[in-house]
Amino acid sequence: GEDVEQSLFLSVREGDSSVINCTYTDSSSTYLYWYKQEPGAGLQLLTYIFSNMDMKQDQRLTVLLNKKDKHLSLRIADTQTGDSAIYFCAVSGGYNKLIFGAGTRLAVHP
Amino acid sequence: DARVTQTPRDKVTEMGQEVTMRCQPILGHNTVFWYRQTMMQGLELLAYFRNRAPLDDSGMPKDRFSAEMPDATLATLKIQPSEPRDSAVYFCASGLASGVEQFFGPGTRLTVL
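Protein chains in written order, with the working numbering: chain A, 2 to 111; chain B, 309 to 421.
By construction, these hints were calculated from the structure, which means they are not laboratory data.
The following label-pair restraints were derived from C-beta to C-beta distances:
#1 B:R417 / A:G83: 20 to 30 angstroms
#2 A:S12 / B:L363: 32 to 42 angstroms
#3 A:T26 / B:R317: 26 to 36 angstroms
#4 A:H72 / B:A310: 27 to 37 angstroms
#5 A:H110 / B:L363: 41 to 51 angstroms
#6 A:V20 / B:T381: 37 to 47 angstroms
#7 A:T82 / B:P362: 37 to 47 angstroms
#8 A:G83 / B:P378: 33 to 43 angstroms
#9 B:N359 / A:D4: 23 to 33 angstroms
#10 A:S12 / B:T381: 40 to 50 angstroms
Here's a subset of chain B near chain A, in silico, CB distances under 7 angstroms, partners left out:
#11 G350
#12 L351
#13 L353
#14 F399
#15 F412
#16 G413
#17 G415
These numbers were taken from a predicted model, which means no experiment stands behind them. Think of the CB as a built atom: it goes at the ideal place given N, C-alpha and C, for glycine as much as any other residue.
Working from the sequences, and respecting the hints, build out all of it.
Spelled out as structure tokens, the structure:
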């Protein structure tokens, strides 16, 4: 079945850029997503990219998609302490199903 | 501000008891998903409904779990009997079948002692 992998932890200094990486196995995924989860909360959709795009920018967020390598990344510019959370990569399966990675815990320190 | 609501937010119960979790999808959304989140397994899809009909419940242990949508405004996930390994956070999400996004509820944290 579909597999989505992410590194588990990332630590950055406040003001720096954060880059969270994700790899997936199913090249037929139509949409690829980034969700954010803060402690004790549900998942919040940050952004998504259609599989025929290679880049999408939304304010401080930049998503890059390399279909050949099946690699997705999320760059957060000027990372703030409020960005500390778990970030999930997800890809669409059949019937709008989402297949999630294990999540990357982002820690932002002064 | 439309959002998915889930009740209860927290549930502590003893092994063998029945547990029912409820979800109210965003008004007008015709797809509903149930996910389970644990430290070991991460986020797993349990069941998926479209227009109240179950399309996929292959991720759900059939012997003890059941999911239904009595009407378009209510989805339920029932565990009977509950076991300690069912302890997890259960999320409901809703969306449009024609749409791209899934909107998640705040989750129900279930602890089975």
